[in-house]
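Chains as they are written, first to last, in the numbering used here: chain X, 1 to 157; chain C, 1 to 157; chain D, 1 to 157.
These aren't lab readings, by the way, just hints derived from the structure by calculation.
Mixed in with the good hints there might be a few duds.
Pairs count within a copy or across copies, as identical chains cannot be separated in the list.
Result set (DMTMM-like, lysine to aspartate or glutamate): computed pairs, CA atoms no more than 20 Å apart in a straight line [as the list claims (entries may be wrong)]:
hint	residue 1	residue 2
1	51	127
2	20	108
3	91	64
4	20	118
5	20	127
6	91	127
7	81	63
8	51	64
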Amino acid sequence: MGAIESRLAAMGFTLPQPRKFPNPNRCGCVRVGNLLFVSGHGPHHPGMQIKEHGKLGQDMTVEEGYKAAQASALAILATVKAAAGDLDRVKRVVRLFGMVNSTPDFPDHPKVIDGASDLFYQLFGPEAGCHARSAVGMAGLPRGQAVEINGEFELRD
Amino acid sequence: MGAIESRLAAMGFTLPQPRKFPNPNRCGCVRVGNLLFVSGHGPHHPGMQIKEHGKLGQDMTVEEGYKAAQASALAILATVKAAAGDLDRVKRVVRLFGMVNSTPDFPDHPKVIDGASDLFYQLFGPEAGCHARSAVGMAGLPRGQAVEINGEFELRD
Amino acid sequence: MGAIESRLAAMGFTLPQPRKFPNPNRCGCVRVGNLLFVSGHGPHHPGMQIKEHGKLGQDMTVEEGYKAAQASALAILATVKAAAGDLDRVKRVVRLFGMVNSTPDFPDHPKVIDGASDLFYQLFGPEAGCHARSAVGMAGLPRGQAVEINGEFELRD
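Just need the whole structure built from these sequences, with the hints factored in.
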């Protein structure tokens, strides 16, 4: 197990299985040079006790949303590991696009997506883990999931 | 006509004219190295009998949305062809961001955006056509159009 | 002061301070090679008299939204300047993702985001300033802000 995955375990987290898609038209990420363009990932993590579906501002608290963003980050990491071979090959978390299933007047999208950003920051450290980000409110997400996050990662040469 | 465009014709599709913009401040895509960063494209295809405007979950079926995503994919291809000269120069469909104009409880964004993903997958084949993706619900889209898709494409050297 | 920033001043605009984030997990942009991946920026510009918060189609006019997009563009430029050292190092405005806090039936997202696109086009000129773009409607944005824009910029070697 690599250094980053050991740190993840020490933080108390596990990786889910990399997401499988119901249709071969798409996959978890595509690599171009050293850049990984990552699909939208929701909070699918059978090993975590989280509320996966819901709408912030309606039937889900910011704390529950934070956990859902955390689970989405772990789903992304499982995809990145499968593509890169080892999480130690991540040079930089480049950017996240954090989407929150939320009501028209919900104000706290950043506090929800911090569940992912805090995890990446703690895991990869203050340089490699600090990333560009948007955290915004969606009218809806697939099957009513609470959060979806996509983004870009840079790998080492 | 190149191999990919011949395959597109054999699949029964035609390309619309590349989208023209009402203001010169923007264009259909911008190339950086071998990467094309593509604008959001809606279902504008005069040659197709489709429902271009509507909101999924309200006044439009998943099947109509699928067709709108298909038309959006063809609009993207017209832009990519204009930029690359020939669709045979596409090395990889990298990633799509699929936006569905939909109600707060609509659950089937992936089934709608499959209209674009299936087309790209069948057209470019299982390696070059398989892409990263998000399929999510928007509060609204320009002029009430049903679907908008942007993304990244990789060209050959 | 560089040529681009002089032109910006001649256009009657000033740059705000680069945005500071409440949490070190994120930053205004991340550079990979010559590409800047830019965070979502809202209309935070203390030097401008604008309506920063509101929902298009409900309590904000297109003209007010246009000004908010303009302020968001200036916030992006402050981030890009801080990262690149000088705005003259921008080779190309590559792509904007323009998000409008709006009601389900608001139709004019492009007219709002033109506030940013027109500014970039006039500032960088018809080649470097013409960019790919999406302009779409969000269910909500952080703290009720009216507009948020992210994107990609290319720097010179």
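Going through the hints against the structure:
In this homomeric assembly, residue 51 and residue 127 never come within 20 Å of each other (Cα to Cα): the closest approach is 31 Å inside a single copy and 35 Å across copies. In the homo-oligomer, the alpha carbons of residue 20 and residue 108 lie at most 20 Å apart only across protomers (17 Å), although the nearest pairing inside one protomer, at 31 Å, exceeds that limit. Proximity of residue 91 to residue 64 under the C-alpha cut-off of 20 Å is found in neither arrangement, the shortest distances being 30 Å within a copy and 41 Å between copies. For the identical chains of this complex, residue 20 and residue 118 are inter-copy neighbours only, at 17 Å across copies versus 26 Å inside a copy, given an alpha-carbon limit of 20 Å.
Within a single copy, residue 20 and residue 127 get their C-alpha atoms only as close as 31 Å, which misses the 20 Å cut-off; across copies the closest is 16 Å, which meets it. For a Cα distance limit of 20 Å, the shortest separation of residue 91 from residue 127 inside one copy, 9 Å, qualifies, whereas the shortest one across copies, 26 Å, does not. Taking identical chains as interchangeable, the C-alpha atoms of residue 81 and residue 63 are never at most 20 Å apart, the minima being 27 Å within one chain and 36 Å between chains. For the identical chains of this complex, residue 51 and residue 64 are intra-copy neighbours only, at 6 Å inside a copy versus 32 Å across copies, given an alpha-carbon limit of 20 Å.
Hint check: violations occur at hints 1, 3 and 7; the rest are consistent with the structure.
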